[in-house]
Amino acid sequence: MVPAIALVLLGCVAAFSAPAAQKVFPYEYDQHDFPNGLRLITIPTDYPNVVSLYIVVQAGSRNEVEPGKSGFAHLFEHMMFRGTPTYPPAKYEATLQKAGAASNAYTTDDHTAYHTTFSKEDLETILGMEADRFQNLSYSEEDFKTETRAVLGEYNKNSANPASKLYEVLRDTAFDRHTYKHTTMGFLKDIEDMPNQYEYSRLFFDRYYRPEYTTIILAGDVNPATARALVEKYWGAWKRGSYRPEIPAEPAQQGPRKNHIQWPTETLPWIAIAHRGPAYSDQQKDQPALDLISFLGFSESSDLYQKLVIQEQKVDVFGADTPDRVDPYLFTVLARVKKPADLDSVRDDILTTLAEFKDKPVDPERLDKVKKHLRYSFALAMNNSEAIASIVARYVALRRTPETINRLYAVYDSITPEDIQAVAKKYFNENNRTIVTLTGGNAQ
Amino acid sequence: MRTALIPAVLLASASLWGASGPQLVTMPGKSPLVTFRFVFLTGSASDPAGKEGAAALTAAMMAEAGTRDMTYKQIVDALFPMAASVSRQVDKEMITFSGTTHVDNLQAYYKIFRDMLLSPGWRKEDFERLRDDAVNYLKVTLRGNNDEELGKEVLYTRIYAGHPYGHENTGTIASLQKMTIADLQAFYRANFTRSNLIIGLAGGYPDSFPKQVVSDFSKLPAGPPKAVRLPEPRPPKGVRVTIVEKDTRSVAYSIGFPISVKRGDPDYPALLVAQSYLGQHRMSGGLLFERMRQARGLNYGDYAYIEYFPRGMFQFEPDPNLARRQQIFQIWIRPVEPANAHFALRLALYQLDKFIKEGISEEDFERTRTFLTKYVNLLMKTKNAELGYAIDSRFYGIGDYATYVKTSLAKLTREDVNRAIRKHLRTTDLDIVAVAKDAAGLKKQLVSGEPSPVTYVSPKPKEILEEDKIVERWKIDVRPEAVTIIPVEQVF
Numbered sequence: 002m003v004p005a006i007a008l009v010l011l012g013c014v015a016a017f018s019a020p021a022a023q024k025v026f027p028y029e030y031d032q033h034d035f036p037n038g039l040r041l042i043t044i045p046t047d048y049p050n051v052v053s054l055y056i057v058v059q060a061g062s063r064n065e066v067e068p069g070k071s072g073f074a075h076l077f078e079h080m081m082f083r084g085t086p087t088y089p090p091a092k093y094e095a096t097l098q099k100a101g102a103a104s105n106a107y108t109t110d111d112h113t114a115y116h117t118t119f120s121k122e123d124l125e126t127i128l129g130m131e132a133d134r135f136q137n138l139s140y141s142e143e144d145f146k147t148e149t150r151a152v153l154g155e156y157n158k159n160s161a162n163p164a165s166k167l168y169e170v171l172r173d174t175a176f177d178r179h180t181y182k183h184t185t186m187g188f189l190k191d192i193e194d195m196p197n198q199y200e201y202s203r204l205f206f207d208r209y210y211r212p213e214y215t216t217i218i219l220a221g222d223v224n225p226a227t228a229r230a231l232v233e234k235y236w237g238a239w240k241r242g243s244y245r246p247e248i249p250a251e252p253a254q255q256g257p258r259k260n261h262i263q264w265p266t267e268t269l270p271w272i273a274i275a276h277r278g279p280a281y282s283d284q285q286k287d288q289p290a291l292d293l294i295s296f297l298g299f300s301e302s303s304d305l306y307q308k309l310v311i312q313e314q315k316v317d318v319f320g321a322d323t324p325d326r327v328d329p330y331l332f333t334v335l336a337r338v339k340k341p342a343d344l345d346s347v348r349d350d351i352l353t354t355l356a357e358f359k360d361k362p363v364d365p366e367r368l369d370k371v372k373k374h375l376r377y378s379f380a381l382a383m384n385n386s387e388a389i390a391s392i393v394a395r396y397v398a399l400r401r402t403p404e405t406i407n408r409l410y411a412v413y414d415s416i417t418p419e420d421i422q423a424v425a426k427k428y429f430n431e432n433n434r435t436i437v438t439l440t441g442g443n444a445q
Numbered sequence: 012m013r014t015a016l017i018p019a020v021l022l023a024s025a026s027l028w029g030a031s032g033p034q035l036v037t038m039p040g041k042s043p044l045v046t047f048r049f050v051f052l053t054g055s056a057s058d059p060a061g062k063e064g065a066a067a068l069t070a071a072m073m074a075e076a077g078t079r080d081m082t083y084k085q086i087v088d089a090l091f092p093m094a095a096s097v098s099r100q101v102d103k104e105m106i107t108f109s110g111t112t113h114v115d116n117l118q119a120y121y122k123i124f125r126d127m128l129l130s131p132g133w134r135k136e137d138f139e140r141l142r143d144d145a146v147n148y149l150k151v152t153l154r155g156n157n158d159e160e161l162g163k164e165v166l167y168t169r170i171y172a173g174h175p176y177g178h179e180n181t182g183t184i185a186s187l188q189k190m191t192i193a194d195l196q197a198f199y200r201a202n203f204t205r206s207n208l209i210i211g212l213a214g215g216y217p218d219s220f221p222k223q224v225v226s227d228f229s230k231l232p233a234g235p236p237k238a239v240r241l242p243e244p245r246p247p248k249g250v251r252v253t254i255v256e257k258d259t260r261s262v263a264y265s266i267g268f269p270i271s272v273k274r275g276d277p278d279y280p281a282l283l284v285a286q287s288y289l290g291q292h293r294m295s296g297g298l299l300f301e302r303m304r305q306a307r308g309l310n311y312g313d314y315a316y317i318e319y320f321p322r323g324m325f326q327f328e329p330d331p332n333l334a335r336r337q338q339i340f341q342i343w344i345r346p347v348e349p350a351n352a353h354f355a356l357r358l359a360l361y362q363l364d365k366f367i368k369e370g371i372s373e374e375d376f377e378r379t380r381t382f383l384t385k386y387v388n389l390l391m392k393t394k395n396a397e398l399g400y401a402i403d404s405r406f407y408g409i410g411d412y413a414t415y416v417k418t419s420l421a422k423l424t425r426e427d428v429n430r431a432i433r434k435h436l437r438t439t440d441l442d443i444v445a446v447a448k449d450a451a452g453l454k455k456q457l458v459s460g461e462p463s464p465v466t467y468v469s470p471k472p473k474e475i476l477e478e479d480k481i482v483e484r485w486k487i488d489v490r491p492e493a494v495t496i497i498p499v500e501q502v503f
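So the sequences go chain by chain: A and B.
Sequential numbering of the first sequence, starting at 2, is according to our numbering.
Sequential numbering of the second sequence, starting at 12, is according to our numbering.
Isolated chain A, as found in the complex (with noise of 0.2 Å):
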């Protein structure tokens, strides 16, 4: 095993001489699967002395297939930490506090992610108390309620943010079918109704809460051998389920869509023009090719950040998006708008930009220098075991395992500017576009 941040990419300097391969991820891992299903990934890195621990579930908002049950994913991954019969609540929290450890979860649309960080010493037991939660996972009803109404006021808390309610109904106006069409958070109906949903929370967890759904990431101070006989030991008895959800698909979008959020207070105006995208893929072009398009024409190197944020100064937040996920979403681009006067015209500099896109190749050599950009940028953030765990995490949910982070890249460094035109064609076109606008006070 290699500890390799010192045989990073591109060649590196002398110091760091004799780099054995040119990935994009540098560590060696060691990946394995158990008879249940349930899959091991193990990353030793050279951060002494702490190990963190990411248990990647494949069930997110995305899952939320039943009419009525937006936010569950979410409100299920709060309910994680309501104990077992071995580790009531306190038992679970005294545990961690012994082994110093930082614990935390989040949801996202495609998975559920809980995190923890420790000395390495305590792997074991925090390896066997996680053990132990997915699978004896026990909450009374009277204490699912209670969880409800703090996720209510996680709600209340988002709530007083325009950017929150902005990608709530974009996303509920360029979907009709696919569960994309609510966030993460859910639809605020939903979440008043939860108190009610405690039958249906059990079955969520009988459905996803199985190991063919789960991959253990180990990164830092951790000898692969010791956490494959520690995850056999606690994990291995862990039975396989049989459930496969039945995701609505999107129909294509057959015209121009639009929405206004009038905010009931003072603030800036946004407006957010979102395309339908491709999925998340490490073979074919089309989404990679639209994560460059994001940093060719909408990053702050970009001519038209250039016009906008610092010569005309119209506008003070600016940005594009096309996050991965399993089924196809959005490219989205994003302005917040000093003056509401300025609102249209900052939405045709955006749409001329995109038709640019299909008119004519982009140069090459700043095309390159976007691809540069993205190795580095990777680079810099694999500065601890923890980051390092966090974005295989982010990559594991969507092909369970690192080695996609590779394939992404090298597709990356085959795209071409007629691949970035073609793509463009593909996707920026009207039919396929929502625009939503916010305006706060007396703006329309």
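Don't read these hints as lab results, they were simulated from the structure.
Check the hints yourself; a few may be wrong.
With a cut-off of at most 25 Å between alpha-carbon atoms, the simulated SDA-like pairs for lysine to any residue come out as follows [as the list claims (entries may be wrong)]:
hint, chain 1, residue 1, chain 2, residue 2
1, A, K121, A, Q32
2, A, K340, A, D414
3, B, K230, B, D194
4, A, K373, B, A89
5, A, K121, A, E143
6, A, K99, B, F108
7, B, K273, B, A89
8, B, K248, B, W485
9, A, K373, B, Q85
10, B, K368, A, A91
11, A, K315, B, K454
12, B, K471, A, M81
13, B, K150, A, I311
14, B, K473, A, S139
15, B, K150, A, D345
16, A, K92, B, K230
17, A, K308, A, P265
18, A, K99, B, D115
19, A, K427, A, D414
20, B, K480, A, E143
21, A, K339, A, D414
22, B, K454, A, P265
23, A, K373, A, P324
Just some of the chain A residues that point at chain B, by a computed CB distance under 10 Å [as the list claims (entries may be wrong)]:
hint, residue
24, S53
25, K99
26, G154
27, E155
28, K158
29, E213
30, T266
31, I311
32, P341
33, V371
34, S378
Label pairs and their computed distance ranges (CB to CB) [as the list claims (entries may be wrong)]:
hint, chain 1, residue 1, chain 2, residue 2, range
35, A, S141, B, L241, 47 to 57 Å
36, B, R433, A, E404, 54 to 64 Å
37, A, S165, B, T466, 26 to 36 Å
38, A, A280, B, P498, 46 to 56 Å
39, A, E404, B, A172, 52 to 62 Å
40, B, P470, A, L204, 16 to 26 Å
Ideal placement from N, C-alpha and C gives every residue a C-beta, glycine not left out.
We have chain A; now place chain B onto it with these hints.
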């Protein structure tokens, strides 16, 4: 940890900068990444009267604007392929510029970074953009989008009214609108001196690199070290309440009072244990979290602090280089439903009161001490953070922070903690800030002292219901004249 605190004078000839040259903290290593932290011992506490926000806007003009030789666009274009940037952080007594580059790009990145700090361009268009950003941060981001951070920052302005810490670091809208480039240049000349500078370097830089950096930054004017005189803050008599009125779904609270304890002081380790037990930031093991969220579902979380910790809703660990000579004790109650707002406040103060009177048990003490002894390692998981903590340790006059925490916790006893909490914590002579829609209604409840029973969506254990009977009548002695309602448009 290989922390080398090297006086700059050992690295090059003294004639380059004199005895008051920049201090240097280095952590050489084999990583292909090189991290910089330039920390100036100045900040918003040094803003001249009427020029609130000068420190922050000057720092912005250094980190997010052109230099004498390059426009901001040229800088962005040059840094983009390196995926590198320069970050700034401004607090009362420290201004930090930090960044990380791959060693491949070390010289190109450093040259730009250096020029940003040593030769700012002071262009009018950069100034206008950054002043707009500052005004919008106060008007839109703080007032409009984040009730929790709003409450916390208003709390500091109340506690430190009339004190150099008394304004939000960004400034005030009125002062920003009057600010000129000349004001910022004056601030720059007076405060960005080499005697105010600590340079932190970590990672795989060449051996000769620190000397080059020290030599370059020794060109800053010497200037006398500027420590602003800080009067003792004067807490209110009794309970003072500020209600920020705005259209919002729920009620967010921040509660606090000044404490005379900072890192390095005898009672710091004891209060560190106390705040961790009461409410370790964003963790579910704290007493307040357990009683308010876990047992009752009142909100998303409840935490306690003995050091300034901004942006807590976005991060789990505090940023280093927010060191201050004066700190407050603070409780953060995340937004609660308006119907439960009075009860939630009573519950938080009741728990604090009970904690002060009963103290920490031996078992809880041991568990919390063990936690902190190990957790301190996680605070320094990146080189950037490790450098930041080493620089803070210089400020506070302590050694390596992790060693300081571990050795002082090892000597600590339960009795030390219980004595310290009785000495430093209290439930009166404090400020409460609430962000709420129905400010008049909340004031009426608080002043009346009427019972505030809570209703739940599910049956609760007897122990909780019995505690509720005490809490719903818990006396918070709020006199009508001690309550101020401020429309949100009028804060900052």
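Each hint, compared with the structure:
In summary, the hint linking K121/A to Q32/A is supported, as the alpha carbons are separated by about 20 Å, within the 25 Å threshold. In summary, the hint linking K340/A to D414/A is not supported, as the alpha carbons are separated by about 40 Å, beyond the 25 Å threshold. A threshold of 25 Å between alpha carbons decides the hint, and for K230/B with D194/B the separation of about 22 Å falls inside it, so the pair holds. The straight-line distance between the Cα atoms of K373/A and A89/B is roughly 12 Å, inside the 25 Å bound, and the hint therefore holds.
Of the supplied pair hints, the one linking K121/A and E143/A is violated, its CA atoms being roughly 36 Å apart against a limit of 25 Å. For the hint linking K99/A to F108/B, the alpha-carbon distance of about 36 Å lies beyond 25 Å, and the restraint is violated. For the suggested pair K273/B and A89/B, the alpha carbons sit about 42 Å apart, so the restraint of at most 25 Å is broken. Between K248/B and W485/B the alpha-carbon distance is near 19 Å, which keeps this suggested pair within the 25 Å criterion.
Simply put, K373/A and Q85/B have alpha-carbon atoms about 17 Å apart, close enough for the 25 Å limit, and the pair holds. For the proposed pair K368/B and A91/A, the alpha carbon gap of about 23 Å is at most 25 Å, so the pair holds. Between K315/A and K454/B the alpha-carbon distance is near 41 Å, which puts this suggested pair outside the 25 Å criterion. At most 25 Å may separate the alpha-carbon atoms for a hinted pair to count; K471/B and M81/A meet this at roughly 20 Å.
With a CA separation close to 20 Å, the supplied pair K150/B and I311/A stays within the 25 Å bound. With a C-alpha separation of about 21 Å, the suggested pairing of K473/B with S139/A holds against the 25 Å cut-off. The suggested pairing of K150/B with D345/A holds, with an alpha-carbon distance near 23 Å, which does not exceed 25 Å. The straight-line distance between the Cα atoms of K92/A and K230/B is roughly 58 Å, outside the 25 Å bound, and the hint therefore fails.
Distance check on the hinted pair: K308/A and P265/A sit about 30 Å apart at the alpha-carbon level, beyond 25 Å; violated. Simply put, K99/A and D115/B have alpha-carbon atoms about 41 Å apart, too far for the 25 Å limit, and the pair is violated. The hinted pair formed by K427/A and D414/A meets the criterion: a straight-line CA distance of about 20 Å does not exceed 25 Å. Restraint check: the Cα-Cα separation between K480/B and E143/A comes to about 20 Å, which is no more than 25 Å; the hinted pair holds.
Taken as a hint, the K339/A and D414/A pair is broken in the structure, with Cα atoms around 37 Å apart against an allowance of 25 Å. Our distance criterion of 25 Å between C-alpha atoms is met by K454/B and P265/A, whose separation comes to about 23 Å. This hinted pair checks out: K373/A and P324/A have alpha carbons roughly 20 Å apart, not beyond 25 Å. The interface hint given for S53/A is met, as the beta carbon of that residue sits about 9 Å from the closest beta carbon of chain B, less than 10 Å.
For K99/A, the interface hint holds, the least distance from its beta-carbon to any beta-carbon of chain B being 5 Å, beneath 10 Å. Hint on G154/A holds. Least Cβ distance to chain B is approximately 4 Å, under the 10 Å limit. Taking 10 Å as the C-beta contact cut-off toward chain B, the hint placing E155/A at the interface holds, the least distance being around 5 Å. Interface hint at K158/A: satisfied, since its Cβ lies 5 Å from the closest Cβ of chain B, which is below the 10 Å cut-off.
Taking 10 Å as the C-beta contact cut-off toward chain B, the hint placing E213/A at the interface is violated, the least distance being around 28 Å. At about 5 Å, the closest approach between the beta carbon of T266/A and any beta carbon in chain B falls short of 10 Å, and the interface hint on this residue holds. Because the beta carbon of I311/A sits about 6 Å from the nearest beta carbon in chain B, less than 10 Å, this interface hint is met. Interface restraint check for P341/A: the shortest CB-CB distance to chain B comes to about 13 Å, outside 10 Å, so the restraint is violated.
This hint holds: V371/A has a C-beta 8 Å from the nearest C-beta of chain B, less than the 10 Å allowed. The beta carbon of S378/A comes within 4 Å of a beta carbon in chain B, closer than 10 Å, and the hint placing it at the interface holds. Distance hint check for S141/A and L241/B: the Cβ-Cβ separation is about 52 Å, which falls inside the suggested range of 47 to 57 Å. Remark: the range hint 54 to 64 Å for R433/B to E404/A is upheld by a beta-carbon distance near 58 Å.
The hinted window of 26 to 36 Å between S165/A and T466/B holds, with their beta carbons roughly 27 Å apart. At about 48 Å, the beta-carbon gap between A280/A and P498/B stays in the expected band of 46 to 56 Å. Judged by the Cβ atoms, the range 52 to 62 Å given for E404/A and A172/B holds: they are separated by roughly 58 Å. A hinted range of 16 to 26 Å holds for the C-beta pair P470/B and L204/A, which are about 23 Å apart.
Hint compliance for this structure: hints 2, 5, 6, 7, 11, 16, 17, 18, 21, 29, 32 are broken, all remaining hints hold.
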